[in-house]
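The residues making up each chain are set out below.
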Amino acid sequence: MKPAKVFKISDVLVKSQLRSARSGRFSGSFLNRPAAVVLIDAIAFTVSATIVSRFVSAFPFIPGFSLATIARETLIFLPALLPPMIFVASLLFELNVSSKFAASDTMNWLPVSQSEYVTASALSICFVYSILPALAFGVTLPIAGSQGLLPVWVLAALLSILALFTGALLVEILRATLNRVSTSAMGRARRGALLVRLAISITVIVIFQFFFNPLALLGLLTFFSRDAAASFLVPFLWPSSVVREALDGQALWLLAFAGLSVGFAGFMTWAAVRVRSRFWSPSPVSVTVSHGEYTPSSGALQGFGFSAVESALIRKDLKGLTRRREMVPFLAIPFVMTAAFLLPQFTGVGGARGASSGAVGFPLLLVGGIFALIFSSVSIGQEGKAIANIYALPVTPRQYLRAKAALGLTFALAATAVMVIVTSVILGLGEREILSVLILAPAVAVEETFIGLGFGSRFPDFSERPRPRFVRPVGMLVAFPTGVAIMLATISPVFVSLIAWSAAVDIDSLYTILTAAALIFSVAVSLLAYRWARGGIVSLLRELEV
Amino acid sequence: MSTPSTGDANALEATSLAKSFGSTRAVDHLTFALRRGEILGLLGPNGSGKSTTMKMILGILKPDSGSAKVYGRDVLTDPIGVKEVSGYVPETPQLYEFLSGVEYLDFVGDMYGMGPAAKKERISQFLRALELDGHENDMISGYSQGMKQKITITAALMNKPKLLVVDEGLNGLDPRSAKIVKDLLRELAREGVAILFSTHILEIAEAICDRVLIMQRGNLLAEGTPAELRRRAGMPGSTLEDVFLKMTGTEDLKEVVEALTR
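Line by line, the protein sequences give chains A and L. Counting in the numbering used here, the final residue of the first sequence is number 547, and the numbers go up one at a time with none missing. Counting in the numbering used here, the final residue of the second sequence is number 317, and the numbers go up one at a time with none missing.
Bound conformation, chain A alone:
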């Protein structure tokens, strides 16, 4: 392996991530350069460190709750928390490598070894998401400093970077595994095989999320063994064990865990290279999606009030969802989020088991809304360069919006229906809450779909790169907090009711008023978001960006 070559490939992959503007007009911008990432990291680190240092200096005395304990726990968990964070981010943004690029990746014909590519790709993931450790380091530095633990902080930071790299390697393993699933299913060349591939891909993502989440692993092991020492068996927790032994002054154990951590990173590199070597398919697979004579498409959807144009757009997008590898992670979102929210309930991690089921079940209500937001916001950018078809064909903005909204709403409402049932069971909701959830959860799906379409039409990313994003970063950065804030406001009556129930306060009449107010709020937001999305699509379809 030649380090110079690894860094060059990594540099190219990072640039490919950063230069995703709709046109080439921003290509010279400083923000498109890797140096911008370093600058943003430095700002994030400085700002978070400054804010937390103010907080530390004014930390009040609370019996049984000391800054020393906080410092110890944050330093120990710092290396354990970063891999899951990068993993979830990668699920959304790194596994979407389009089959077009998987098949014609320049790396396939350049003299680049698998190990060089895997290492470079993992490094590029670490670099692109380096704002996560930058923030974490900024938060922990003043806390550690106040307790005289700076040397341990340095150790924790180094181990965090190692853990981050290990997490990125896990993403590489998952990427190659999904490629194998994809090519195996595609090789069968049947329409059913495409659906099988979709199901297997989602299952693989959920399993990886479940079994490679260190907290979940610890929880599961603890659950089965009732032994806290089970953490020794979780390699992703070894870097945390190094920090713990450093804090406890156990030099021998420190060295042992440090050796294990480095060894585990080496093993993961080896495994990622092996998996890629075995499973990566550089040649495109020819897929026959149907057999027999061509039968013109039916007008089944026209029975639901859609025009022929809208029906064709919906059918086209539906086929894309089931056939495009880069769309799989988006379909997996409800499953991954549900697994993430339910894990503590079944494993008892973090003391959640036995705690109020409301705390666990409430986030489930948001799954449908978050899915609607992300799904609809990527629904326009996912057209890629083929969006040129929409400009060349006689499609009106109204038809385009109706088609996109219909498909997004169908999926979002389906996810919402499942979540309402699951949540009602977990929360043990009464009739009053169930009624309000039945009213407000679909309202959330509707408002989030139009919010997503608004952002998706105003910040689309049609660039076809190895790792497409479909929405420009600034759009997603604004869309997500906006959508979640509106979602929380809409669903707040259920939350208020749960708190009142916990506190044994009767809020019967207030609850009805709150629900009605939330519904009116949601309808108003939906109408505004619809108009905003319509304006975005009218503006988008006015002229093709070249």
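If you're looking for bench data, these hints aren't it; they were derived computationally from the structure. Glycine residues also receive a C-beta, built at the ideal position from the N, C-alpha and C atoms. Just so you know, nobody snuck in bad clues.
With a straight-line cut-off of 25 angstroms between C-alpha atoms, the simulated BS3-like cross-links for lysine-lysine are:
no.	chain 1	residue 1	chain 2	residue 2
1	L	Lys117	A	Lys386
2	A	Lys320	L	Lys175
3	L	Lys237	L	Lys175
Covered by chain L, according to a simulated footprint, are these stretches of chain A (three or more residues, beta-carbon under 8 angstroms):
no.	segment
4	306-312
5	317-324
Please arrange chain L on chain A, whose structure you already have, making use of the hints.
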């Protein structure tokens, strides 16, 4: 420069079309007309503004100034109306690669509001003629460049357009398919379809175009039949390629080739 006539015979009238990208003037107040049943060749070096002109005519790009009318429909006020009577073969096929060839054509047929019988007849005819039958149910992602081009050409002709805009339409086609498409264009023109055709292969332009426009840096350099252009350049008996190279000031290529082989 000619001015467009306003008679009914004109399928397309472009008046003072202009478009800039940043500081680059891609098309500089271009005016021309295309008659029904005529094949008009749009020639010019790379970056001369041919594709931009075609896109403006179809409402894909918005002109900075000027206007274009297709069968009396203004592209600025009625872009959907213009698209309904037009077919477009882009320079590079941009297809939905997750669809099979036949699914893509079915999609395009629906966009034009075609009925099932019309779609089936049209798709079957073209698949057979362009030798795509046998591959029609394969996903487009597995198609060769030439197969994608055939799908694009079929899609452009699905709705029996009255104006056909072909931007480098013969790229990647095998000789048999290229001959079929050339003959088809002539036949369509005989039936009254107006065709705006750009190509870098000047032999093709000479063989099928009734009239030629030569563009350079967004401007109209010359206009006329190949014979008229030869006469105007003072090069009777030469090929259109020689005339083109002379007019665009790139005729002396010997030094360039020598430098490259050094």
